[in-house]
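K.L.:
Line by line, the protein sequences give chains A and B.
For the first sequence, the numbering used here gives the first residue as 2, with consecutive numbering after it.
For the second sequence, the numbering used here gives the first residue as 303, with consecutive numbering after it.
Hints in this document: simulated from the structure, not taken from any laboratory.
Virtual Cβ for every residue (Gly too), placed ideally from N, Cα, C.
Check the hints yourself; a few may be wrong.
Reference listing, derived: stretches of chain A covered by chain B, where coverage requires no fewer than 3 residues with Cβ under 8 Å from a Cβ of chain B [stated by the list, open to error]: (1) 79-86; (2) 109-122; (3) 153-165.
Covered by chain A, per the in silico footprint, the following chain B stretches (three or more residues, Cβ under 8 Å) [to be verified]: (4) 340-348; (5) 470-478; (6) 493-499; (7) 516-523; (8) 585-592.
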Amino acid sequence: MSQHILSVENLTKHYVQKRSFVLRTQPGVVKAVDGIDFALPVGATLGLVGESGCGKSTTAKMLLRLEDPSAGKILFDGREVQAATGSDLRDYRTNVQAVFQDPYSSLNPRMRVDSIIAEPLIANRQVAAVEVRDAVAQVMGVVGLNPDWARRFPHEFSGGQRQRIAIARALVLRPRLMVLDEPVSALDVSIRAQILNLLMDLQDQFGLSYLLISHDLDVIAEMCAEIAVMYLGQIVEIGPARDIVANPRHPYTQALFSARLPAHPDGAANRIRLSGEIPSPLDPPSGCRFRTRCPHVMPICAEVLPPESELPNGQRASCHLLSEQSALSS
Amino acid sequence: MVEPAVNVVVETPVLEVRDLRMFIHADRGTRIVRAVNGLSFSLGAGRTMGIIGESGSGKSMASLSILRLLPRGARVEAGEVLFGGENLLKKSDSEMRRIRGRHIAMILQDPMVSLDPLFRVGEQVAEPLRTHQGLSGETLRRRVIELLGAVGIPAPESRFDQYPHQMSGGMLQRIVGAAAISCGPELLIADEPTTALDPTVQAQYLDLLEELQDRTGLSLIVITHDLGVAARLCDDVIVMYAGRAAERGSVRDIFERPAHPYTQALLSTLPGRRAPGEHKRLKTIDGQPPDLAALPPGCPFAPRCPRADDRCRTETPPEIALDPTHMAACWYASDA
Ligand SMILES: Nc1ncnc2c1ncn2[C@@H]1O[C@H](COP(=O)(O)OP(=O)(O)OP(=O)(O)O)[C@@H](O)[C@H]1O
Ligand SMILES: Nc1ncnc2c1ncn2[C@@H]1O[C@H](COP(=O)(O)OP(=O)(O)OP(=O)(O)O)[C@@H](O)[C@H]1O
Ligand SMILES: [Mg+2]
Ligand SMILES: [Mg+2]
Chain A
2 MSQHILSVEN LTKHYVQKRS FVLRTQPGVV KAVDGIDFAL PVGATLGLVG ESGCGKSTTA
62 KMLLRLEDPS AGKILFDGRE VQAATGSDLR DYRTNVQAVF QDPYSSLNPR MRVDSIIAEP
122 LIANRQVAAV EVRDAVAQVM GVVGLNPDWA RRFPHEFSGG QRQRIAIARA LVLRPRLMVL
182 DEPVSALDVS IRAQILNLLM DLQDQFGLSY LLISHDLDVI AEMCAEIAVM YLGQIVEIGP
242 ARDIVANPRH PYTQALFSAR LPAHPDGAAN RIRLSGEIPS PLDPPSGCRF RTRCPHVMPI
302 CAEVLPPESE LPNGQRASCH LLSEQSALSS
Chain B
303 MVEPAVNVVV ETPVLEVRDL RMFIHADRGT RIVRAVNGLS FSLGAGRTMG IIGESGSGKS
363 MASLSILRLL PRGARVEAGE VLFGGENLLK KSDSEMRRIR GRHIAMILQD PMVSLDPLFR
423 VGEQVAEPLR THQGLSGETL RRRVIELLGA VGIPAPESRF DQYPHQMSGG MLQRIVGAAA
483 ISCGPELLIA DEPTTALDPT VQAQYLDLLE ELQDRTGLSL IVITHDLGVA ARLCDDVIVM
543 YAGRAAERGS VRDIFERPAH PYTQALLSTL PGRRAPGEHK RLKTIDGQPP DLAALPPGCP
603 FAPRCPRADD RCRTETPPEI ALDPTHMAAC WYASDA
C-alpha cells in the first residue's frame, strides 16, 4: 500500500468550445486544468487555493469522477481510479466523499433532511432501518444540527444550516478521503470553528484525509499540512503550509496572501495590487501564465515556461526569479 | 409607532426599517418560525451597513422582507420599511417590480437562485438593462460585456454566450453582482456577495463597490460572515441573533467596544493568525442557537450567556443606548 492515499499526475481538463456564427463564439479550448501533479499523504490535509476560475472545482470534479480527465492519472491507494469498475468503483465511491461549494443545488428539494443524509448509506450498504436512523441522528448532532429537524425540507433551512446538511451527508459513510470545496464559507465564525474542530477530530481518530479547497487563507493555514497554489489551470507553488504562509516564493502566492483582509477596521493593508489584463483560460499567455500581472515580470517570462525550483524545505515554485537565484547560488 | 432607539444618521436616511417582524408558516402551519422579531435601523445615503451574526438568525429573511421577495408561507407581520420616505410594505406588486432592479437591487445569497441554468449568462445580465433602461442590440451587448469586465471576468466577450454551468462558482457570484449594479440602483443589498471569491479578486470587487459608491452615492447593505469584509467595507454594523439586533453601532463600536455578550463571544471565536499546524482547538460559542419556532421568554441569548441571571431568562431586554450611535439589547450592556 502506498503512503499516499491520493496522487495525481499530469491531470488535465480541457473543455472544447465549438465555433458558432450565430453566437459569435470562436472555436477554442478552455484549459481549465492543465497538467497538475500533487500527492496527498494518508491522514493529512492538502489545501488547494488560487484565483477564482483557476480550476479548483474542476480538479475536485475529476477526483470524484464527475468529469473525465482529458489527460493524466488519478491514483487512489496506488490504483488508477479511471480504470476502476464494479466493486472497485463502488468502494471508491464509498471511500471518497465530497462537500460542494453550493449546498443549495446539491440537496434534493423534495427530500426530507433525514432521507438526504441517509441516502448514501442506503445506496451503498445494507443497513437496518434502526441503524440508519441512529447514524443520521448521530451525524446531525456532530455537525450541530438539531436532530428534531430531521423531518424538515432543505428550503426550511438557512444557507449555513444547509451547508451542515451537506457535510453530514458526506460524513455518514465514514469515508477515507473527503474532497471539501469551500465547506465553511457559508458559516458564521463559531459554527465554522465547530466544523473545523470536527474535521480535525475525525482526522485524529480515523486517519481521514482531506483535499480542502478554500478562499479563506486562515482556514487553510489552520487545517493544512501542505498547500498547492493554482493559477490559470496550473500549480505555481506547492509545499509545506508553514513555509508557504510565512514565506511565499511565487509572486502570485505573495499577492494572494497579501490581499487577506484583517478582521479589524484598522488592519494593516500591505496589499500587493495586481494590475494588467486578467488572462483567460481560453487563451493563456505564453511562457509564465502570471506574467501579464506580475510586478516582477522580465523579458524571459514571455518566452520560456518557468521550470519548477525546489528549496531545501521541499517548497517548490515555478518562477524565473527563483531559477535565476538557484543558478547564481550553484 | 416604534422609534428606533438610536438614530445612526442625521440626514434623511435612504432606508429606514422600523420594528420589522416576519414569520414563516412551516409544516402546513403547525410551526411558526419567527425569523425576524423587531428589527430597526436606518441607512444614510452613500453609507454602508453590515449585517453579521449567527447562521440562521434571520439576516436573509430580513433583507428579503425589505424587498418583498419572501418565500411561500412567509408573511411580514408588523413594521415599516421606508425607502425615500415611502413604505415599501404598502406598495402594490407592480410598483415593487419597478422599484426592484431599478432603485433597489439585491444580490441573493445563492447565485443559482437568480440565474436560470437554461439561459446564457450574457442574456441574464442584459435583462434588467433591457426592461429598465430600454437598451438593445449592439449597445446592450457592449454594456453587458463592460459590466462583466468590471467585475473581473476575464475575456468577457467570450463569456457572454456561456451557460451558468460553464462558469466557476466565483464567476457566477460576480455575474449576479454585475446584473445587480447594471441599472445604477440607489440601494444595493448584497447577501454574502464574496464567499466564492479569493482574496485578490475579492479585494478588486470591494474596490469596485467603493468606487461605485463614490461615483453614484450608492447606499449598501452587506450581509456577511466574513468579519474582514465587514471591517473593510462598513460604516455601521448590526449584529443579529435570533431575529433581532443584539447590537448596533459604528464599525469601531462593534469591533473595539462590543457590549453584547453575543458580539463579544463572536469576536473571541475569530482564529488569530497563527502558524499552520499548531493544531489547537478553535474556539466556539457553547450551546445551541434557539429554535425560532419556540423562542424562550426573556433574552434569546440567555441560555448560552455566561452573564445571564433570572431577569435575563424572563424579561426581554430592550435596546439600550450606550451612546448616540451604539446600542445593545442586553440588561447589562452599560456595565461593560
Ligand atoms: N462545463 C464547462 N464548460 C466549459 N468551461 C468550463 C466548464 N466548467 C468549468 N469551466 C471553466 O473552467 C475554468 C475553471 O473553473 P473551476 O470551476 O474549476 O474554477 P474554480 O477554481 O473552482 O473557481 P472558483 O474559485 O470561482 O470556484 C473556468 O474558466 C470555467 O469557466
Ligand atoms: N421556508 C422556511 N420554512 C421554515 N423555516 C425557514 C424557512 N426559511 C428559513 N427558515 C428559518 O428561518 C431562520 C432564518 O433564516 P435566514 O435564511 O434568514 O438565516 P440567515 O441569518 O440568513 O442565516 P445564514 O447565515 O445561514 O444564511 C432560520 O432559522 C431558518 O431555519
Ligand atoms: Mg470552484
Ligand atoms: Mg442567509
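K.L.:
Any hints this thing doesn't respect? Which numbers, in order?
P.N.:
As far as the earlier hints go, 1, 2, 4 and 7 are violated by this structure, in ascending order.
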